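Novice: As a plain string of letters, each chain reads:
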Amino acid sequence: MADTLGAIYHMGSMEALPEVELEAQATAIRKLKNEIVGHDQRKERLVCDGVVDMLVGVLSSHQRTTGSRKSEANGPAPATWSWTQKDEVRLQATFIVCTLANGGAAFIPPLLAAGVPQVLMDLLAQTTAPRLRTATLQALWNIVSAWSALQEDPGEAVSAVRTDILTKQGIEVLSGILRSTLADGAHNQQLQLRLIADIVSVSATTEAIKVLLCQSPILDQFADFLAAHSIASEHVEYYGDTLRPPLSTPATITKMMSAICTIISGSTYRAHRFFLSPTIRDLFTQSWLASSDQRHLFGARHGFASTGEPLLPLLHIPAYGTTTHHYGSRAFPAMAALQNQERRGHSVFESITQGGDVDHVNAVCRWLLLLARSMQGHSRLVALKLLALVNNAVDADSFDVGHRSEYMQKNRERKKQIALLGVPLAAKLVQVASEGRSSGRDRSAEHDDMLVKEQACDVLALLVRDSDELQVAAVDAGAIKHVCPILKKSFDPVPLAKPMWSARRIPGNADPASLPPTRRPGSQGLPLETLHAMRCRQGALQALAALAEKEDVHRKAIVEAGVVPCIFDSLKPFPPDYSTDDKRRGQVVGPKDGNTTAVLLAACRAAKTMARSVSLLRTSLIDAGIAKPIFQLLHHADPEVQLAATDACINLLLEFSPMREDLIAEGVVKTLCSQAKRCGPGSANGDLRLRVSSLWALKHLMSASPREIKIKTLEELGSGWLIGVVRGEQQHAREYVSAPGGGVSVGLSAPNAAGERVDLLNPQSSGMDVDVDEADPLAEDDDEQEYGNDDACANDEEGDGEVMFDISSSTHYQASQLRSTLNNHHHPPTSPTATQVPAFNSRRYLSSVRAIEQTPAVRAQQAEVAVQEQALDFIRNLLNGEDCASMFDHLLQLIAGARIFEVLTEKLVPVAIDPATGSGGATTSTRPIYGPSALIISTVNILTHIANALPRHKQLLIAQKPLLKAWLPHFNHPDRKVRVACVWAVNSLTWIDDESDRRDARQRAQELRACGIEGAVRRLLGDEDLDVRERARTGVRQFEQL
Amino acid sequence: MRSTHASFTRKVEEMKPSKSDINWVIMDYLVSEGYPGAAEKFAQETNLPGPVDNESIRERVRVRNAIHGGRLDEAIELINEIDPEILDNNHLLHFHLLQLQLIEIIRTVLAKPGSSPAATDFLPAIKFATEQLSPRAPTDPKYQQALERTMALMIFPPEKMTPEFKELLDEELRRKVAVEVNRAILESRGERSEAKIRQLIKARAWAEQEARAAKVDLPAYVPLGLDAADEVGGVDGDAMVS
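Protein chains in written order, with the UniProt record's numbering: chain A, 1 to 1042; chain B, 1 to 242.
Heads up, some of the hints might be wrong.
Stated by the list, open to error - Cut-off 30 Å, straight-line C-alpha distance, at most; resulting in silico cross-link-like pairs (DSBU-like, lysine-lysine):
hint	chain 1	residue 1	chain 2	residue 2
1	A	K481	A	K572
2	A	K550	A	K415
3	A	K572	A	K415
4	B	K19	B	K127
5	A	K628	A	K489
6	B	K41	B	K176
7	A	K572	A	K556
8	A	K489	B	K142
9	A	K481	A	K428
10	A	K498	B	K176
11	B	K196	B	K176
12	A	K428	B	K202
13	A	K31	B	K127
14	B	K215	B	K202
15	B	K142	A	K498
16	B	K142	A	K488
17	A	K31	B	K176
18	A	K556	A	K428
19	B	K127	B	K112
20	A	K31	B	K142
21	A	K428	A	K489
22	B	K127	A	K498
I should point out that these hints are in silico values taken from the structure, not numbers from a laboratory.
Treat the numbers as computed from the prediction; the structure is a model and nothing was measured.
Just chain B, with the same shape it has in the complex (with noise of 0.2 Å):
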């Protein structure tokens, strides 16, 4: 086992991967997911060509900010103006983004100080959902469903609320929802809709779990180099970055 596990060892060592191929997928990251001003300084640092097309870059992330920020109808607004095809074929990202709307709406009566809030407070909400929500939620069982859901945040008071409505109310959802549009603008444009490196580590997975699944000799375990936790061979977790 000793032995093998050094052959497996060395045989990673004798890999070099070029920094080169490793700066492009550190920079193809940081231009899919986003970044650009951290995209521009490692193109500095690298000498790597910078981000073709810096603007689209930030077209991204200013979409992306409006929706960590709960400001969906700028968010909507925003990928029309990117491309109105977006949100006109893809139906289910148009009505997550509705739905994400009126839950904003819905938290800001929540929100309000004071006893619980009265039925007219939800006017606007239910007038929202009326106009915007409920013509597809026929449509389709996943439509209606989540119609449903979200209407029912008026109902319960926040703190008697079962997780499944509570993660409604979770900005985790905005992050969520943040990360399929950043994809759907990508496949739009023609381009990867994923970052190259979410990829690689995919693929390494899926090798690994072959290999056992033919008993190739592996150590028990191999880390990925990502994760401080992973820090158990002693293998340099900065490999990547170095």
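So that you can see chain A by itself, here it is in the shape it has in the complex (with noise of 0.2 Å):
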């Protein structure tokens, strides 16, 4: 059998040689196929021996023939097309690279060493023949679902490997088949289809190749299916005429929403241009013969009633909050009319809020909902998936759009239409998985419990992401219940199948390395069920991680159900000397052997979010020992591991937490601190994330430390380089910008409680000029820069801010919330009593949300803020507690008492006015511009702590003129949080310390009324907000005493 096998190879690798007929060479290599179909074993010795280089030649050697075919068959007549011997040789040889690929892993790397998927691209893009069209996409399938194996296995520096399939020119020959099956007819055009939607949905990793996906018509052409889909099964009555229904059966639909959902994730961007592309818009706005806007009757009373009949269960969801309500307590609505109102106009946001189409977002959820609900098992889980991927965009996006009662009413009615149908779907989903039920007996329904048991935990997580409401149904739906134990299945010790069986001894090549790369194959990779286990696992962890974000119940509950040793095991990477060799075949592999990245990842984040509670913290956390192996992944090689492992100690290393000393004696300060200054001024738009991540951490260590800690970290930080992050020396991003609107402008500051007086950050004025995409709708290959995604990460680093306490405010706040909101030079502001809201533009719309995630600028900007505000606090609770005045005085030794203060200014006063700012032609502001909010409450903290200390540092504070007169304006910013820290400073400032000190403090109070501070304090008595008042009180009540 070995020598025909020998004699066929040398048959087919004589291909070159002309004379040689192709008629016996196809013969050749369809004997040769035989001879591997379902025989791994043959196919590896086959590589060996130069089957791929082989194939190459072969595949290549017909490219020009097939090039020119191509050109008669745009002739008249494609149907006359006739199958030659050359087709023939292609399609055997297309056959073995299929059957090659299936043989796993091991055969990539010399796939991909010899340029196969190269050589396939090429030939897709010549080729109108059905069969081997079909055939090589299969082929190209086959390769890329053995690499995304493959780049889950642990240690191999595989990663690095790309397939490079999907590139500009692959994906335009992809988006160009798509756009023909919609033409012929062909028996195995649903095939295609589902082949190019597995091909994207699996291969588009990176970031830069969803970008180069979503700038080519592929993304609509998705689109264009799913919404034919739903005409075609009376989800919506359809009256438009742009869209003609292709068909496509179900299964072609559940992967074409899978190749969406790939696309769209990690982008707020890309979801928008996703329900905002043109035949989705459509499909919503056409749908009536009546040429008024009835998209109402798609809401929640109405139940999507599209058709005449509700397709969704009614609900009644009451209206809410219809009142505009300001801060302080609604359920005394008439202190409102106590308080000051005329002072800060709405003109502002009332201008903004046109941002994006709320009634077509509504739509779109429920029309996903519905689909959804019309599917079953992994079909469900995609369209849930595609749900929960539109609705998190649109909350990314949605706290920009003020208080206007109908918006908010109507984001509330999504909110709860997904809590009631959509989170019960996916929680039950969970359920199915964990009780392992069957849906059928054939291969294709086992393969699809098989998804759904690795992707039911993820969906539900990225459904309830961030939403306590969504968490809460989640939990009452009886998720912790069927999560836990899928956790704890997946820890069950998996018998691998034994290995293959041969008559001979499998030669064992003397030198591999010795085999040019072609004939080299690669590792296995972690063995299938293995990699079932850790996908089932990562998932488990990503919905507990998300479960319990917000509610302590739900904490408590994951404890109770015993996971938190399954935790502190999904810690552990896997060893370096891992083998994924043949050896371990016939084994068991333990629940100890490791973890995958991806699970490390989701560990992390569980425990990041079980180490909010205090308690747990105290208990069930520090009984599991959970401190030391996130110690461990701070080192490990990953920058992402890494990071997750920060952000995972930064509740670890609170004052209230047992873990600190353990921590602290391992050596974290020292990590930490070099992690702090790892990413040099040198990478200018580097990753500032893991910088922000561990002054997070740093900063919480400091409050309430021992003073030699205190004293060791600054050391370790270098007191100059802390003091150059918090000027943000290795940035110039200083450009914020102006918001037209009244009292102080904000450049870049955050909604604050009832999401009122949004500041804006213009995009114009950073630089870039929107109006470009006018246009031109798709005018993206402007910005072909790869972003780097974190976007998500910030977000999750939001929720971290809340266990920040202060010593003279118990306020908890969060990390400045970077968000904001267009530019309003296209909609001059209008009265606030109008109600007609200018038509919805989504091309504009669009743009803008591209500009507020893409533009380099903007993240810069947005990162440097991040780590300024995590410096300042840094310093903020090095001088809290007991030793703030001689932590003050150490600081003074270590850096000049003036620098400090100049510094100190600098966060305070006006940031520069960009000339360019003009460029939009509205606003030329002369209003001075401040900078982030998060920035200035964090200077003003640093102040009352100044404050706090010795009366000789009261006097050196009161001291400092400029300083002074750059606070006072502060007094009166649209944020109440601001206010209140300015008047608690204030009170710091005034308080006598003892008799001794009765005659500074007079002189400190005529200071502050000289400059003008007291009668900013006296005007907060009248403040629309509680606490400011009851501060204000206080600090008046001070002036007066002396």
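Work from the hints to combine the two standalone chains into their complex.
Specialist: Shown next, in the form of structure tokens:
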């Protein structure tokens, strides 16, 4: 048998000789194919014999000929296409590629080394014969799918290996096929569609590829299919004429949805790009014979009644907060009347609330709910995932819409519908996965069950992320009860199948390195059984992380389910020498063997959210010894794991955490300091996430720590470095931008508690012109840079702010929310009473969403602000506590006092106005522009601490005239938290320490009066915020006592 | 009891399934079970559109005939020609085909006229088993057991075989594997792997079971109308094809 194999191979390899008859060649290759189908050992032998080179030779030698055939095919009658022997040879060779790639991960390195994917893509571009095209797509898919399994392999440096299928040209080819399948009715077009969707969903792993896909027509094409499916299944009645439904089977639709999920995941902009795609807009605007907008019929109350009958259960969601609510208590509306309202007009945000089209968004979400409800198993799961991605993207973008009650109500309706109709479906699928119920016995049903098991938890996590309402809904539906067994089960020992037997001893190649790379099979990767367990484990951990995000009750329930030891076990990476060779076959993989990177990341997230509970920190988490593995992960080779571990550390270092001492003993200070300093100024657009997290952790470490630790940490960081970071020396992102509107304008600020008075980030003034896109909706080619993907992480971090206590104000606050809204130059401010909403322009809206997300300057600035905030808070916590005075003295020793105050003043003075601001033409502001409110709060809090030190420190502070002058405007800051902080600082300054201080205190009060601060405090007596009023009252009393 | 029975029959009679629906079900059966000739004739008689892809039906027929005829190597090659993915991914099916092929090799040896075969006569069978079947045998007990049983055919003379071994030599096994193969080919094309009528019959059986469990008034026996033996109530057994 081996001889014939060799003989066939030699026949095949001689194809370069022109005299060899094509027919004989086809027969030979066919025979070769029949030899190896289903026989993995023979495939390996064949690769060692050099079959890959032969295939590349055969496939590329026919390129020219098929290329010329293409022009014929474009002639009058493509139907007369005749199948030639050349095509036959190609087909058989392609089949062999299919079969080799089916052999698993080991065959990928030789295939990629020989450039097989590129050869196949080239051929795909030239062929129109359906059979060949299907086979080529199949071969590509087999390669991609084996390649993706390889990506999860621990240790191996294979993750750098790329398939290079989804290049710009490659995507064009695929998109072309999608277009042509709409036209021809080849019997295997459904198969082709599925294969393309599969290839896209598995191989679009990097941000760069996703950006390319989003720029190509492929995303819209998938959306078209989805919309057409809905029309065909009569979810929506459609009277438009732009949509001609190309019919596709349910299986195809599922694959397309999952391709869409892959493309839009990780970017708010891309998600918007999907649901604002022309056909989907069309789907909900062309569904009426009447010309008026009837989209309210899609609403919760009408249950998506486009076709006459409600297709979703009717929900009556009571209107909520129909009046504009102000700070203070809504229970005492009378209080509002007492409040000074005219101080800050509403024109600012009135003008910007026209951002999103909430009716469309809601219709899309309901439509996805309907799709999910109409499907089963894995398809349903994918529909829910799409729903989750869309909903999260809308959330990420919707807090800039202000307080408009109608808008709020519609957002609430959407949330409620998802909570009542979507989350239970996801929880049910988790239950199915957990109970291991099977939906059928045939192979496709088994495959479906496996996918549900691997992905159900993940989708649930995605769906409920960041929303306590949805998290509660998930737990009510039994999520914790069903997720925990999945996590536990993933640690069951997996008996691996025994290796294949061979009559001959497998020829151990004496020196595999001597073979050329195209003849050298690689490692087989982790066994499939292990990969499955890892995926289940990763999903379950994600779900736990999401469920434990906000509610302490959920965290307790998770602990009671007894999965904390599982989290601990999931934090352990595979040992570096872990081999995935055949010798492991037949053995049992135990729970202690290790985890893939994806599991490590998920476990860190779970540990992070679980550690938000103070009581758990003191009980189950310390019992489980969670600190040690996390500390070890700080030194993991993968930067993402490092980051996740640092995030998990943040809460473990709080003053009431019993793990703090252990971590300090392990040397966490040194590690975090070096991490914080690692990304130097060189990385301009660099990744500052690790610096933010490290500083955050150090900040927590500073609060209520012994003096020695504080001094040591400061030493480790270097006072010069710290001041440099606070000043933002690495970055000259000082172009904070203007906000037209009343009061103090603040560049990048967050909406306050009720979402009122949002300040603007005007993309135009940050050096880019949004209008560029108006002419060309897809003019995205101008930004092909690879954008880092850190918005997901930025979201994650927000939650950690909740455990930051300060002695002076027991406010809990979060990292500055940097997303802000769009330029309003296109919408001149309307009067606050105007209810008419300008027509929604999806193109303009999209480009502004993209500008916020992707403009490098904006992103760099956001990252920089986050770093500065942490650095300032680090100083603040350094000064906090019993030894405040001595620490400040220490700081004064290290850094000259003048310099400290200089830096603090710098944070409070208006930032320079970029003269280019006027380019928009609408507003050339002469008002001063200030830094983000987060930085101002942190700065003022430092002032409070200085004022709380010894009387001589108070005197030192009061002597800083420029600082006081810069401070004054912030008493009128739109953010109540800034105002409160300001009054607190004044209260500390006017406090009389002892009798000997009385004279000095009086003098301080005079100084404050002289520079107008006393007047500012008195004005705050009428503030609309209760907290501010109360603090101001204390302040005024103190002034009067002096 | 009589009244409920009558009302049930009346309800049955009131249900008038459309003829074109029934014809569609028949057509679906002919296509998926692989009767291209009958399908074409039926299409002509009923004015239904003919099977979309006659060639793909014929492909399946060729595979089926090869299996029924015991020409397994031919069948495997035909399947690989249709789509090599089928056997490459479905190891169990591949194993079944190879097992059948081994059985055929042994059968020819056993069928040789004359006295009991000499040990050397089995050499081709042993060679085949070593090369084709045994590599996969250790990976799963079900492969191993199947291989062991098949090999045992060489040890026992046919007349002393227990039924479980006789089963292997029975041609019914070929038909079983052929059905599996047909299903796998349909599945690989993303088509329904089973004729609609089979699903309908299953659904009917399930419905009857549920109805009886819920104590709905039903006649003691509801004939299916497919077998002549079912003709108890005098219902027109030919309703399906009339």
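Novice: Decide, hint by hint, whether the structure agrees.
Specialist: Tested hints:
no.: 1; hint: A:K481 with A:K572; verdict: 25 Å, holds
no.: 2; hint: A:K550 with A:K415; verdict: 17 Å, holds
no.: 3; hint: A:K572 with A:K415; verdict: 37 Å, violated
no.: 4; hint: B:K19 with B:K127; verdict: 56 Å, violated
no.: 5; hint: A:K628 with A:K489; verdict: 24 Å, holds
no.: 6; hint: B:K41 with B:K176; verdict: 27 Å, holds
no.: 7; hint: A:K572 with A:K556; verdict: 24 Å, holds
no.: 8; hint: A:K489 with B:K142; verdict: 25 Å, holds
no.: 9; hint: A:K481 with A:K428; verdict: 11 Å, holds
no.: 10; hint: A:K498 with B:K176; verdict: 28 Å, holds
no.: 11; hint: B:K196 with B:K176; verdict: 19 Å, holds
no.: 12; hint: A:K428 with B:K202; verdict: 26 Å, holds
no.: 13; hint: A:K31 with B:K127; verdict: 19 Å, holds
no.: 14; hint: B:K215 with B:K202; verdict: 20 Å, holds
no.: 15; hint: B:K142 with A:K498; verdict: 13 Å, holds
no.: 16; hint: B:K142 with A:K488; verdict: 29 Å, holds
no.: 17; hint: A:K31 with B:K176; verdict: 27 Å, holds
no.: 18; hint: A:K556 with A:K428; verdict: 22 Å, holds
no.: 19; hint: B:K127 with B:K112; verdict: 19 Å, holds
no.: 20; hint: A:K31 with B:K142; verdict: 29 Å, holds
no.: 21; hint: A:K428 with A:K489; verdict: 18 Å, holds
no.: 22; hint: B:K127 with A:K498; verdict: 22 Å, holds
In terms of the numbered hints stated before, the structure departs from hints 3, 4, listed from lowest to highest.
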